[in-house]
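As you go down the protein sequences, you meet chains A and B in turn.
Under numbering that gives the first Met the number 0, the first residue of the first sequence is numbered 0, with each subsequent residue one higher.
Under numbering that gives the first Met the number 0, the first residue of the second sequence is numbered 0, with each subsequent residue one higher.
Just so you know, the hints here were simulated from the structure itself, not pulled from any lab data.
Since we're looking at a predicted model, the values are computed, not measured.
Hints are supplied without guarantee of correctness; some may be wrong.
Chain copies aren't distinguished; within one or between two, either way the pair holds.
[To be verified] Dumping the calculated DSBU-like pairs for lysine-lysine here, alpha-carbon to alpha-carbon at most 30 angstroms:
id, residue 1, residue 2
1, Lys-381, Lys-537
2, Lys-184, Lys-381
3, Lys-541, Lys-172
4, Lys-184, Lys-172
5, Lys-381, Lys-46
6, Lys-381, Lys-344
7, Lys-541, Lys-184
8, Lys-46, Lys-82
9, Lys-541, Lys-349
10, Lys-46, Lys-349
11, Lys-636, Lys-381
12, Lys-172, Lys-82
13, Lys-82, Lys-349
14, Lys-82, Lys-184
15, Lys-82, Lys-381
16, Lys-537, Lys-344
17, Lys-537, Lys-636
18, Lys-82, Lys-636
19, Lys-636, Lys-344
20, Lys-172, Lys-381
21, Lys-537, Lys-349
22, Lys-349, Lys-184
23, Lys-46, Lys-344
24, Lys-541, Lys-636
2 protein chains.
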Amino acid sequence: MSAEPRLLANAIRALAMDAVQAANSGHPGMPMGMADVATVLFTEYLKYDPQAPHWHDRDRFVLSAGHGSMLIYALLHLTGYEKPTMEDIRNFRQLNSPCAGHPENFMLPGVEATTGPLGQGFAMAVGMAIAERHLSAVFGDDLVDHRTWALAGDGCLMEGINHEAVGLAGHLKLGRLNVLWDNNKITIDGSTDLSTSEDVLARYRASGWHTVSCDGHDFADIRRAIDEALADPRPSLIDCHTIIGYGAPNKQGTAATHGAALGHDEVAAARDELSWEHDPFDLPGDVVDAWREAGRRGADEHGQWRSRLSASSQGQEFLRRMERRLPEGFSLDGYLSDLIANPQKVATRKASELTLGAINDALPETIGGSADLTGSNNTKTKATRPLTAADYSGRYVYYGIREFGMAAAMNGMALHGGVIPYGGTFLVFSDYCRPAIRLSALQNVRVVYVMTHDSIGLGEDGPTHQPVEHVMSLRMIPNLAVYRPADAVETAECWALSLERQDGPSMLCLTRQNLPQLRTEAGENLSARGAYRLRAAKAARKVVLLATGSEVETAVATADALEAWGVGADVVSMPCWSLFDAQDAAYRADILGGGDALRVSIEAGTTLGWARYTGLDGVNIGLDRFGASAPAEDLFKRFGFTAEAILPQIVAALSQGDQ
Amino acid sequence: MSAEPRLLANAIRALAMDAVQAANSGHPGMPMGMADVATVLFTEYLKYDPQAPHWHDRDRFVLSAGHGSMLIYALLHLTGYEKPTMEDIRNFRQLNSPCAGHPENFMLPGVEATTGPLGQGFAMAVGMAIAERHLSAVFGDDLVDHRTWALAGDGCLMEGINHEAVGLAGHLKLGRLNVLWDNNKITIDGSTDLSTSEDVLARYRASGWHTVSCDGHDFADIRRAIDEALADPRPSLIDCHTIIGYGAPNKQGTAATHGAALGHDEVAAARDELSWEHDPFDLPGDVVDAWREAGRRGADEHGQWRSRLSASSQGQEFLRRMERRLPEGFSLDGYLSDLIANPQKVATRKASELTLGAINDALPETIGGSADLTGSNNTKTKATRPLTAADYSGRYVYYGIREFGMAAAMNGMALHGGVIPYGGTFLVFSDYCRPAIRLSALQNVRVVYVMTHDSIGLGEDGPTHQPVEHVMSLRMIPNLAVYRPADAVETAECWALSLERQDGPSMLCLTRQNLPQLRTEAGENLSARGAYRLRAAKAARKVVLLATGSEVETAVATADALEAWGVGADVVSMPCWSLFDAQDAAYRADILGGGDALRVSIEAGTTLGWARYTGLDGVNIGLDRFGASAPAEDLFKRFGFTAEAILPQIVAALSQGDQ
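Looking at chain A on its own, in the form it has when it is part of the complex (with noise of 0.2 angstroms):
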C-alpha cells in the first residue's frame, strides 16, 4: 500500500467529524476511535468486492454499535463502492440521504444489516454465521467460505441479547465469526466504570470463545490480534483497547464525543491534531487511491469465485436460493387436496406442524427451531436433523431458553440469504424478542415466527403465560404480516403466504387446543385476502360476526344460534388485517357489510383496535384484561366467549339500533 495506515485511517476519522458537524448530530467518537482497527480490516483482511456488493461469498461484516454510522459510510466510500457518494455523506442524517441516522440495510448495498438497537448486530451476525456454516455444509467450500465480522461497543456487550449470542455462538462453535470490541470505557453516561465490573474476557471464554486483546490504535497489533483470530477454530472476541474520540484533542477519551457534534473549534484542533490539512469532504488524491487499491483486492478472488459457480453442478440451486425464489412449481394445494379430503380438527400449531411435514420436503432452504419449546410449537419435522456444530447440514436449531437471540439470529440468516428461517416460542413471549420482530420488519426479511399459545386458551399456565394485547399490538408493527388462522386450512394458506413473501416477515398466531376444520374446500387462497365470508347469513342479514382464528368457532356458533332467532348473520374470518386492509374499497365493504348490518368482533384479546371495522355502533367481545389460571374451557366460559353469552350482547344492540 502506497499510503500510511494512519493516513488512511486519518480520512475516515475526517469525514467522520466533518459530517457530524454538518449536520451538528450524530456520533463521531465512535468511527474516530475505531478508524484504525477498520482500516486494517478493510485494507488487508476483508473479502469484499465493492464492485458486486451482492458476491454471495463475500464476508459479512455488521457494524452492531450502528450509531457509529459514519464508520460503515466512510469505509464504503472510500474502497469504491459506488454508493455512498460524497454528496450523500455531506447529506448525513438529513432526508433522503442513503447516510441515514444509523445504517440501514434497504439504503445501502454495503450494509449487510440495519443497527442501532443494541446488541443486535452482534446477535444477527451469529445468524449470517449459522448461514454461511449451513450453506457451506450444503453446497461446499467452493462455493461458501467467507467469515462473518462484527464491530461492537460496550452496549452490544452489556445488553442482555448478547448473553444469548454469545451462548448459541460458543455452543455451535462458529469459528468464522470474529467480533471486533471497541473497549473504549465509555458510555453515554460516562466511565463504564459507573455500571459494570464485568471481566467481559473471561465470560465469553465461559462460553467456548477465544479472546485476544490488542491496541487498538497499534497497527502491527491488531494485525497480530486478528491473525490469532483467524487461527483458532472458535468463535473470536478481539478485544480493542481503543481511545473514543481519537484525534480530537480535549475530547477524546470522554463521553463528549460520543453523541454529538464536536463542535468548530475542536474539530479544527483535530485537524491540527491529525495533521489533516484538507477541508471538511475533500480528501487528498494518494488516500484516495490507496484506499481504491484496497478496494480492488478482492475483485480477482470474485471472478475465481464465480468461475466456481459457473463450474459447479450445484450452481443454479445454490442461486436459487441466494435469490430468494421458491423451487419452480412449489405449491401446498397437494397438501390441502388431501385436507379437504381428510378434515382434521386439530389445534393449528399442529395444523402448522402438518403443513411444516409438506413444507420441509419441499423446500430444502428452511431451517427451523424453537425457543426450547419444540415440542409444543410443533415446529420439527422428520425432515429437519438438528443444526449442530457436528453437523451444519442439519436444518432445526436449538435454540435454548433464548427467544431474542432466536429471532434475532433468524434475521441475520434471511439476511445473508440462501435459508429460510422459521422459529417458535409461545406468542406471549413475542414480548421477549419484539426488538428482534420490529428490525425483521424493518429490514424487509422473509423470517417466518410460529408463535403459539395464542390465547387465553393456553389454559392452566395462567395470565404470565396468556397473550392479551399481544395480536393487537403486533398487528401494529409496520410491514409485519400477522396472520391467526382459524383451521387447519387457513394455517397452511397463512403459510403458503408466508414463504411467497420475499420481502418481509411473517407471524404465525396458533393455538394450543383443538379446532374444528371450518373450510370444505381449497382452490383459492382466501386467506390471501386478509378477510373473507366464511359463511353466508341464510335470514336476512342483521349481523356481521368478524372474528379471527380460534373465536371464528365461536363465531360460528353464535351465527347458528342467531339464524334459529332468524337473524341472518355472515360469518367472515379474518386471518390478516394487513392483508385485508390492502383490498379495494368494494371488496372491503362487501365483506363488512356495508352500513346496514351489526358488526361483531370476537377475538379472544384486547377490543382496542378492532372499532376500525365495528365501527362505534358494533358490538366488541374481547379481553381487556389479565387472563388467569384455570382450563381454558373454563377460562372461555369465564371470560364470554361463547354463543350463549356473546347472544344477548347482539340481541342488546339489535335492539337499540332498531329505537
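Use these hints to put chain B onto chain A, whose structure you have.
Leaving out everything else, chain B in the frame of chain A:
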C-alpha cells in the same frame, strides 16, 4: 427438628406430584428436584414469620423458576401460612384457586413476585436486594437487615436478562443476594447439551459473584454451600446439582418430568421409591408438626424487630414508606403555580426533569435511574446522588445499557417496598423491557417509566429509534397507565397521578423537542380525566380535534386554521386513554362532541386504535409506516403533521359529510 429432613422434603414431593396429577397439568420436576434444598432453606435459614407474611424485615424468597409453583405452595402450606389451604392445593390450576399455574404475588401472601416469564424473578430479586441495602443505609440495620433469595433454573440463566441482572448485582456488590441454581441439566427440549456449552460458574465469577457447588440431595452439603455463601461478601450463586423429578423412579432425570403430570403409575412408583405411604393430600402428623415448628422459627426475631421498630425515632417514617403512603400534604401545586406564572417552552422530557426536581426534594423514597441515557431522559436531579456499592443511600442508579434489567429491578424494588422507583430509556426501547412492563402491570406495582424521544420528533437517529406503534401498543397492556402529556403543565399533572397511583405502573411518553406551554391555568388536575377540552370552538363547532403530546400543538394550529375559515373546532388533549375511558358516559360524550361533529385524531404514531374515538367517519392523522432519518421538523412536514397538510383532509371530510 424431630423429623428427618428427607421426610420433610418428601412431603413437598408428594404434594407436588399429587397436585399436578389431580390437575393433570403442571410441572412436578422442579419441586421434586429442589425439595431437599428448599427444605434446608425454609427450615434452617430463611427469616420469615408465617403469622405475619408482610413483616417488613423478612427475607425475600423469589421462585424465579415459577413453573415449579407447587414448591412454593407446598412450602407456604407446610410452614403454617394461612393460605394456601389443602383445599387450595387440591384445586391447583383451577379457576379462582390461589394456587395458580404460576405464582401470583396478588393471590398469596408469601409469594413475593409473580414469576414464570423466565429470568425475571432473578432480576426482580436483584431489585429487592437493592431496595434492602438502600433502606438499611437510610434506616439502619435495626429496621432493615435481611437477605434476598432466589431459586432459578437453567431457563432463568440462559435468558438474556440474566446477563443484565448478574452484571448489575455484581457491580453493586449485593452480597445479601443468594441464588439457588437448580442445576439439573434438563430443559424442555431435553439435555442442556442440546443448546448450551457454557461454564455458568465462570460467567458469574466474571461479574464479581461468589460461586459454590453442592449436591442438592445431600443435606449436609447443601448447608455447607449456603454457609459459604452467607460468609462471602459477594452475591452468591449456589450451584445445586439435582435430579429433576427426584423420586419418580422411571422418569427422574429426564424432560418427561418437567411440564406434565407423571401419570398414575409413576406417581404410585414414586410413593414406593420415597417410602411415602400416605394418600394424596394426606400428610402425616409428625411431618406437619415438624414443618410448623420450623415455621415458628422466626416469630421471636419478628417480635424483637417490632420492639426495635417501636423504639425507633424513624419508625413512623419507615412505616409510611413501606405502606406506600406519600408524605402528608405532598402536592405539586406549588410547582404548578410557578409554571403558570412562568410558562416554560421546553421538551416534556425537560418538563419531567423540572417536575422531578420538586418531587425528589419532597419524596425521599424515590430512586431514579436510566439505562445509560441519563442526560437524554433527564432523570437525574440535584437531590439524587448515585446509589453505589460504596454508598447505598444514594438515590440514582446508573443501570448501564440494561433496559430489561432496569425494568425488572424496578419491579423488585417496588415489590420490596419502601421506595418508588422510576427509570428511563428511549420510548422505542420500551420493546427491550416490555416483558417487565407487563409484569409491573400484572403485579400492581408502582413503577414509573420515563420514556423519552416519543415519536419521529426524535429526528436524525432514524427509524430504529423512532417509536411508531409503541404508544398505542402500550395502551393495550392491562393496568398500565400510559401518559403522553402535551406540555409542562400536563407533564407535572401526569407525574402527580403516577405517584398517587399506589397499585400500578405508569408510563410517561415524553418528547425530545420543545413544546409551547398550552395550559394557562392549573387548579384542577385535568389530566386526571384522561382527556379534556383544552380549547372550545369559537365558531359553530363542526370539528373536534383529538390529540396527544406534541401533536396537541399541531391540533391548536389546525384549529386556528379552521376557525379562520369559519369552521369551529374544539381541541381535546388526551394524555391518558385509560383514565378517559373510566369517566362517565356523559363526560365522555361531551368531550367527544356527541355525534354531530367530525372527529379528527392527530398523533404521530399508528392510527390503528383511534377509530375507538373517531368512529369510521372520522379522520385519523397518524403514521402507519416506519419513520426516517432527518431533522425532526423535516419529518413532521414529510409525514403530514402540519396544519397545512391536515386542513385539506378535514375540509374534504366535512364536504363529504355534507353530501
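Consistency of the hints with the structure:
Taking CA atoms no more than 30 angstroms apart as the test, Lys-381 paired with Lys-537 passes in neither setting, with 44 angstroms inside one copy and 71 angstroms between copies. Taking CA atoms no more than 30 angstroms apart as the test, Lys-184 paired with Lys-381 passes between copies only; the shortest distance there is 25 angstroms, against 49 angstroms inside one copy. For the homomeric pair Lys-541 and Lys-172, neither the shortest alpha-carbon distance inside one copy (62 angstroms) nor that between copies (67 angstroms) is at most 30 angstroms. Taking the closest pair of Cα atoms, Lys-184 and Lys-172 come within 30 angstroms of each other both inside a single copy (28 angstroms) and across two copies (20 angstroms).
Proximity of Lys-381 and Lys-46 under a CA criterion of 30 angstroms is satisfied in neither setting, with 37 angstroms inside one chain copy and 52 angstroms between copies. With identical chains, the CA atoms of Lys-381 and Lys-344 are at most 30 angstroms apart within one copy only, with a shortest distance of 22 angstroms there and 64 angstroms across copies. For a Cα distance limit of 30 angstroms, the shortest separation of Lys-541 from Lys-184 qualifies neither inside one copy, at 68 angstroms, nor across copies, at 59 angstroms. Proximity of Lys-46 and Lys-82 under a CA criterion of 30 angstroms is satisfied intra-copy only: 18 angstroms inside one chain copy versus 66 angstroms between copies.
With identical chains, the CA atoms of Lys-541 and Lys-349 are never at most 30 angstroms apart, being 35 angstroms at best within one copy and 53 angstroms at best between copies. In the homo-oligomer, the alpha carbons of Lys-46 and Lys-349 never lie at most 30 angstroms apart, since the shortest distance is 44 angstroms inside one protomer and 47 angstroms across protomers. With identical chains, the CA atoms of Lys-636 and Lys-381 are never at most 30 angstroms apart, being 38 angstroms at best within one copy and 54 angstroms at best between copies. In this assembly of identical chains, Lys-172 and Lys-82 lie within 30 angstroms of each other by CA distance neither inside one copy nor across copies; the values are 35 angstroms within and 49 angstroms between.
Proximity of Lys-82 and Lys-349 under a CA criterion of 30 angstroms is satisfied in neither setting, with 47 angstroms inside one chain copy and 39 angstroms between copies. In this homomeric assembly, Lys-82 and Lys-184 never come within 30 angstroms of each other (Cα to Cα): the closest approach is 33 angstroms inside a single copy and 51 angstroms across copies. Neither within a single protomer nor between protomers do Lys-82 and Lys-381 lie at most 30 angstroms apart by alpha-carbon distance, with minima of 45 angstroms and 47 angstroms respectively. Within a single copy, Lys-537 and Lys-344 get their C-alpha atoms as close as 25 angstroms, which meets the 30 angstroms cut-off; across copies the closest is 62 angstroms, which misses it.
Taking CA atoms no more than 30 angstroms apart as the test, Lys-537 paired with Lys-636 passes inside one copy only; the shortest distance there is 27 angstroms, against 51 angstroms between copies. For the identical chains of this complex, Lys-82 and Lys-636 are inter-copy neighbours only, at 27 angstroms across copies versus 60 angstroms inside a copy, given an alpha-carbon limit of 30 angstroms. In this assembly of identical chains, the alpha carbons of Lys-636 and Lys-344 lie at most 30 angstroms apart only when taken from the same copy (21 angstroms versus 52 angstroms across copies). Proximity of Lys-172 to Lys-381 under the C-alpha cut-off of 30 angstroms is restricted to the intra-copy arrangement: shortest distance 25 angstroms within a copy versus 49 angstroms between copies.
Taking the shortest alpha-carbon separations for Lys-537 and Lys-349, neither the intra-copy value of 32 angstroms nor the inter-copy value of 61 angstroms comes in at or below 30 angstroms. Proximity of Lys-349 and Lys-184 under a CA criterion of 30 angstroms is satisfied inter-copy only: 28 angstroms between copies versus 50 angstroms inside one chain copy. For the homomeric pair Lys-46 and Lys-344, neither the shortest alpha-carbon distance inside one copy (53 angstroms) nor that between copies (52 angstroms) is at most 30 angstroms. Proximity of Lys-541 and Lys-636 under a CA criterion of 30 angstroms is satisfied intra-copy only: 25 angstroms inside one chain copy versus 44 angstroms between copies.
In summary, the numbered hints that this structure violates are 1, 3, 5, 7, 9, 10, 11, 12, 13, 14, 15, 21 and 23.
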